[in-house]
Amino acid sequence: MQDNVRLFYDGQCPLCCMEIEHLRKLNSAGKLELQDINAQDFSERFPHIDPQAANATLHAEYADGTVVYGVDATCAAWHAVGKGHWFAFLRWPLIKPVADFCYRIFARHRHRISAWITRQPRCDDRCPRR
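Read in order, the letters of the sequence shown are residues 40 to 169 in the working numbering.
Since the hints were made in silico from the structure, they are not lab data. Be aware that a few hints might be false.
Stated by the list, open to error - Taking lysine-lysine pairs in the DSS-like style, the calculated list, with each CA pair at most 30 angstroms apart, reads:
#, residue 1, residue 2
1, Lys122, Lys64
2, Lys135, Lys70
3, Lys135, Lys122
4, Lys135, Lys64
5, Lys70, Lys122
Kindly generate the complete structure, drawing on both the sequences and the hints.
Encoded structure:
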């Protein structure tokens, strides 16, 4: 697995923002670049990434241009900050299809889940994002 990763995240999702803040704190080596797909100039800076597709499924890009999605993107981000071992089991052959299925459900309903957990379905200016 490559070390340098660019993660494209939804800066309007409270749960996503919580994970991004955690990743940001762990990114002491600077191997993870975080990009909010809702940034005004996102499409200009990353024309190869469809913001609507990235909103539906988490995207991560390695330094060589390879793009990975969903749980693979999550694992890539956590690997970049040195904590990949926390999520490595999600890629084990018997667990991978279940993890991918659960991720798809989570991604589809993440704003509703955020509302249940944080009482906020979407972020406003109070959410930490960059």
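Q | Hint numbers contradicted by this structure | A | Every hint satisfied by this model.
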